[in-house]
Amino acid sequence: MVMQGQDKTPLLEVRGLTKTFPSTVALAGVDFTLHRGDVHVLVGENGAGKSTLIKVITGVYQKDAGSIVLDGKSINPQSPKHAQDLGISTVYQEVNLIPTLSVAENIFLGRQPMRFGMIDMKTANRRAKQLLLDFGVDIDVTRNLSAYSVAIQQIVAVVRGVDLSAKVLILDEPTSSLDRPEVEMLFSVIQSLKQRGIGIILITHFLDQVYEIGDRITVLRNGHKVGEHQLSELSRVQLITEMLGKELSHENGVGKAKSNQVFANPFLSVKGFARRGEVEPFNLDIQPGEIVGLAGLLGSGRTEVAHLIFGIEQNDGGDAYVNGQPVKLSSPRKAIQQGFGLCPEDRKVEGIFAELSVRENIILALQAKMGWFNTLSRSKQDALADEMIKALSIATSSADKPIKELSGGNQQKVILARWLISNPDLLILDEPTRGIDVGAHAEIVQIIKKLAQQGKAMLIISSELAEVVDYSDRVVIMRDRKKVGELEGEDINETTIMKAIAAH
Amino acid sequence: MKSRFLPLLMTFLVFSAMYLFAYSQFNSFGSMRIVGNLLRDNAFWGIAAIGMTFVIISGGIDLSVGSVIAFTGVFCALMIDRNGWDPLATFTLMLCIGTAFGALMGVVIHYFKIPAFIVTLSGLFLARGMSYVLSTESIRIEHPFYEQISDLVYVFPDRGRFTFAAAMFLIVLVVGIFLAHYTRFGRNVYALGGNPDAALLLGVPVARTTIGVYALNSFLATFAGIVLSLSKQSGDSTIAVGLELDVISAVVIGGTLLTGGAGYVIGTFIAVMTLGTIQTYLTLDGSLTPWWIKIVTGFLLFAFVGLQRLLGSGWGIFGVKDSSANVPPERQPGIQSS
Chain A
33 MVMQGQDKTP LLEVRGLTKT FPSTVALAGV DFTLHRGDVH VLVGENGAGK STLIKVITGV
93 YQKDAGSIVL DGKSINPQSP KHAQDLGIST VYQEVNLIPT LSVAENIFLG RQPMRFGMID
153 MKTANRRAKQ LLLDFGVDID VTRNLSAYSV AIQQIVAVVR GVDLSAKVLI LDEPTSSLDR
213 PEVEMLFSVI QSLKQRGIGI ILITHFLDQV YEIGDRITVL RNGHKVGEHQ LSELSRVQLI
273 TEMLGKELSH ENGVGKAKSN QVFANPFLSV KGFARRGEVE PFNLDIQPGE IVGLAGLLGS
333 GRTEVAHLIF GIEQNDGGDA YVNGQPVKLS SPRKAIQQGF GLCPEDRKVE GIFAELSVRE
393 NIILALQAKM GWFNTLSRSK QDALADEMIK ALSIATSSAD KPIKELSGGN QQKVILARWL
453 ISNPDLLILD EPTRGIDVGA HAEIVQIIKK LAQQGKAMLI ISSELAEVVD YSDRVVIMRD
513 RKKVGELEGE DINETTIMKA IAAH
Chain B
1174 MKSRFLPLLM TFLVFSAMYL FAYSQFNSFG SMRIVGNLLR DNAFWGIAAI GMTFVIISGG
1234 IDLSVGSVIA FTGVFCALMI DRNGWDPLAT FTLMLCIGTA FGALMGVVIH YFKIPAFIVT
1294 LSGLFLARGM SYVLSTESIR IEHPFYEQIS DLVYVFPDRG RFTFAAAMFL IVLVVGIFLA
1354 HYTRFGRNVY ALGGNPDAAL LLGVPVARTT IGVYALNSFL ATFAGIVLSL SKQSGDSTIA
1414 VGLELDVISA VVIGGTLLTG GAGYVIGTFI AVMTLGTIQT YLTLDGSLTP WWIKIVTGFL
1474 LFAFVGLQRL LGSGWGIFGV KDSSANVPPE RQPGIQSS
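Heads up: the protein sequence lines correspond to chains A and B, in order.
In terms of our numbering, the first sequence opens at residue 33 and continues consecutively.
In terms of our numbering, the second sequence opens at residue 1174 and continues consecutively.
Hints are computed from structural coordinates only; laboratory data are not their basis.
Careful: at least some of the hints might be erroneous.
[Said to hold, decoys possible] If the Cβ cut is set under 10 angstroms, some of the chain A residues that face chain B in the computed set are: (1) Val101; (2) Gln116; (3) Leu129; (4) Glu137; (5) Gly142; (6) Gln144; (7) Asp152; (8) Thr155; (9) Leu177; (10) Phe385; (11) Ala386; (12) Leu388.
[To be verified] Heads up, simulated BS3-like pairs for lysine-lysine below, C-alpha to C-alpha not over 30 angstroms straight-line: (13) A:Lys303 / A:Lys113; (14) A:Lys482 / A:Lys412; (15) B:Lys1286 / A:Lys113; (16) A:Lys87 / B:Lys1467; (17) A:Lys433 / A:Lys422; (18) A:Lys481 / A:Lys531; (19) A:Lys436 / B:Lys1286; (20) A:Lys436 / A:Lys412; (21) A:Lys113 / A:Lys199.
Since the structure is predicted, the reported quantities are computational estimates derived from the model, not experimental observations.
Quick reminder that beta carbons are idealized off the backbone N, C-alpha and C, glycines included.
Using the sequences plus the hints, can you model the full thing?
Following this line, the structure appears as C-alpha cells:
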C-alpha cells in the first residue's frame, strides 16, 4: 500500500484557522495542506504561530474559527489523546516517554497485549522488536529507554506514534539536539514513513535540513500564512525574506555611515570558542565603545554564543582574552568579575525577581558583586535606584513597587539598570526589545547607543533586522550554530544580512 | 542480569548477609519457628509497606498509614466489642471507609495539585485524631471469630507456626506483584512515577491512577490494621505512631526509587524481612537494647539512598534523571535557544 505524494486529495486540510488569545491573535485565517507521503516543513520566527497551529491540530487548544479536514472528514480534536485516536501523533523535542520503563513498554503503554487477563510482555517485546527492525533499528527492547541516546528515544516515540495507526506525524524540532549521524538515522526513518504514505509535518530551525528532507514548506509570520512552496522551487534568499518579512532591495541599499570611532585594542577577544553540539568554533573581537550585533534566525546559535561568553555554558574549545590577558570564562561569576553583564532573553524566567521591588531588583547584582557582608546602606540603595530610574526614565510610581507590576519595557529597563550600576565593561543583551511597546523600543535603542558612547563594549542579539542595522558597528551572522559571516560599517543593511544568512 | 535489577540484588544480598549472620549466632534461625514468627510479627506493617511501594513508585508519599492502622483497630474494637457488630461486616465497612479515605486524599492531591506530603500529613492528623475521639483507652475484643482466627494455624514438624497473619502477608505480596507487573494499572503507576508529563501525553489516565494508588494504599493500611486487630485482639489509638516512617524505610531499602518510576514489590518484602531479622536477632541476643534496630535502619536507609543516587546520576542505569544521563547538560530544556 504505497501511496505517493501525487495523490490529489489532501491528507490534512486546514482552512481559515483562527485562534485568538486575550492579548493577541495567534492565528489569523491560516490555511495548511498536507499530502500523503509528503514532508511538509513549517517555519517561522518567534510568534509566527507555528506552535499554536500545531497545538490546535493536536487538540491542545481549541480553534476559534476555521476547519480541519483529515482524510475527507471534518475533525475537531479535543485533547492530544483525541487527536492521537484520530490518527495525528506528535513527537516532541524533549522526548515524552518514560525513561524508567523498557523500550517495549514505552511503545505499548496503555495498550499492552493481554493474555489470560495479564500483560503479555513476551508478545509486547517481540512486536516492539519487529516494529523497530522495520525501520532498520536493532536494539534490545527490554532495556530501559534511558539506556539509549536521544535519537533512539525519538525513533521509539515515532514507532509508538506510527503503530497507533498514525496518518499524520508531527515532528516538533526533532533534530535540535542530535548529532549528524543521529540526524541521518532519523531521516532514514522519515523516508520509510513517506513510503508508507504517512504525512509528516516537520518543524525545524535548520535551513540545511529543511532542504534536505522537506518536500513542501509553509511560512508563517505573525499568525498569517505568508507563503507555501515546493521546496525545489524556492531559493534560500526568498525563504528568508519571507520568514523575516523584509523585501530585498535590488541596489544594495544605503549602508550606514561608517562610525568615525577609532577602536583601540579589543576589550574581549575569543578565538575558536566552541561547544560541541551547540556552537561551532568562532572568533569574535569586541572593542570598547563598539556595538556588535548578532543576527541570525531563531535557533541559529545566537543565544548559545552569549551563554558561552558569559560562562553559563562552558566552552570545550578555544580561548578568551580580556584586554589581551587570557581568561577562563567558566561561570557567570567569573564573567562578572571580568566586567561582563548579561540581560537574558526571557526576562520573566531568567531576569526578574517578580515579587521584589524595583529598587531590590536594581541593587541585586551590585550587592552580589560586593559580597553579602559588605552591605549597601539603605540611603545608598535609594540613591542608586533613584538615579537609575531617572537616567533610564523607568516609569514607576515608586522604587518600592514590585517589579511585576511594571510594563515589559520598564522591566527591561530595570534589568538594564541592574547591570549598569555595577558599571560593566561589556554588556550582552539578548533580545532587549522583544515584547515591549514601540515607544519603549526606541528608548532602549537610544540607551544602547548612549552606553556605547560611554565606552562600553556591547554585544546585542536581536531578531529585528532594522534595529540591528540601526545601532550596530559590526554584525556577526549565525546560521545553523555556526558563525557564517561578519559585516562592518557601510556594508550593514537588511539585504546584506539576509543574503549572508541565506548563503551556503 | 539486567542492571535495573541491581538495587534489588543489593537488597537481597543485605538480607542474606543479615540472615546468615543471625543463623551463625543462633541456630534457631534455621528453623521454621523463626521463619513463621518473622512472617507473623511483620505481617501487618509488611502489608502496609507493599501498599506504600505503589505510592512511592508513582512518585508520591503517604504519611497517613500509621494513623489509618490505629483508627482501623479502634473502630473494629468499638463496633465488634461494644456494639456487637459481626466482625466480617465490620471489616468490610472499615475497608470501604479506608479505601474512600485514600481515594479522597488522591482526589485532593490530583485535582487541587497539593503536594502528597501535605495532604497525607493532614490525613495522618485526621485519622489519628478520629481514633482518639472514638476511644482514648485500649479496647479488648472478645469474640468467637477472633478465637477461631487465632486457632487457624498450620504447625510445621518443628512446631513452627504458620499463622493467619503470615498467610495474609504472603497473599498480599503475590497480589501486589501481579498488580505491579501484569496489569495496566500497575504499569501506569510506574509510568506516572517515571515522568508524569509524558505519562499524560501517552494517554495514561493520570487522575484515575493517582486516586487509585492512594486508595490502594489506604485499603492495604486498613487491611494491615485488621490483621493487627486480629492478632492483638484489641484496638488501641496510640498504636503504630510513626509507623509510616518504618514503612517508607522498608520501601527504600527494598530498592524502590524515592523519586518514583522504579522499584519492586518483592524488594519491599525482602526489606521487611531484613528489618524483622535484625529485630529478632536483637531480641534473642538480649545484650543490646532493641533500639539498635533504629540505628541499623538508619544506616541501611542511608546506604540505599546513596546507592540510588550513584546509579541514578553517575551510571545512568536506573533512574528518573536518566534522560539527562544520556543527554549532555546543554541539551536540557530550560535554557532557550535563540
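The hints, checked one at a time:
The interface hint given for A:Val101 is violated, since its Cβ lies 24 angstroms from the closest Cβ of chain B, which is over the 10 angstroms cut-off. Contact between A:Gln116 and chain B, as hinted, is supported at the beta carbon level, the nearest pair being about 7 angstroms apart and thus within 10 angstroms. Among the interface hints, the one on A:Leu129 holds; its C-beta lies about 6 angstroms from the nearest C-beta in chain B, closer than the 10 angstroms criterion. The closest approach between the C-beta of A:Glu137 and any C-beta of chain B is roughly 6 angstroms, which is under the 10 angstroms cut-off, so the hint is satisfied.
Annotation: interface hint on A:Gly142 holds; nearest CB of chain B at approximately 5 angstroms, less than 10 angstroms. A least Cβ separation of about 6 angstroms between A:Gln144 and chain B falls short of the 10 angstroms threshold, and the interface hint therefore holds. At its closest, the beta carbon of A:Asp152 sits 9 angstroms from a beta carbon of chain B; the interface hint therefore holds under the 10 angstroms criterion. At a threshold of 10 angstroms, the smallest CB-CB gap from A:Thr155 to chain B is about 13 angstroms, leaving the interface hint violated.
Among the interface hints, the one on A:Leu177 holds; its C-beta lies about 8 angstroms from the nearest C-beta in chain B, closer than the 10 angstroms criterion. A cut of 10 angstroms between beta carbons decides the hint on A:Phe385: the least distance to chain B is about 18 angstroms, and the hint is violated. Taking 10 angstroms as the C-beta cut-off, the interface hint given for A:Ala386 is violated, the closest approach to chain B being about 18 angstroms. Residue-level restraint check for A:Leu388 is violated (minimum Cβ-Cβ distance to chain B is 22 angstroms; threshold 10 angstroms).
With a CA separation close to 50 angstroms, the supplied pair A:Lys303 and A:Lys113 exceeds the 30 angstroms bound. Restraint check for A:Lys482 and A:Lys412: the C-alpha separation of about 25 angstroms stays at or below 30 angstroms, so the hint holds. Using a Cα cut-off of 30 angstroms, the hinted pair B:Lys1286 and A:Lys113 holds, with the two alpha carbons roughly 22 angstroms apart. For the suggested pair A:Lys87 and B:Lys1467, the alpha carbons sit about 53 angstroms apart, so the restraint of at most 30 angstroms is broken.
Distance hint between A:Lys433 and A:Lys422 is fulfilled; the C-alpha atoms sit about 15 angstroms from each other, no more than 30 angstroms. Taking the CA atoms of A:Lys481 and A:Lys531, the gap is near 26 angstroms; set against the 30 angstroms cutoff, the hint holds. Restraint check for A:Lys436 and B:Lys1286: satisfied, since their Cα atoms lie roughly 24 angstroms apart, inside the 30 angstroms limit. For the proposed pair A:Lys436 and A:Lys412, the alpha carbon gap of about 23 angstroms is at most 30 angstroms, so the pair holds.
At roughly 15 angstroms between alpha-carbon atoms, A:Lys113 and A:Lys199 fall within 30 angstroms of each other, so this suggested pair holds.
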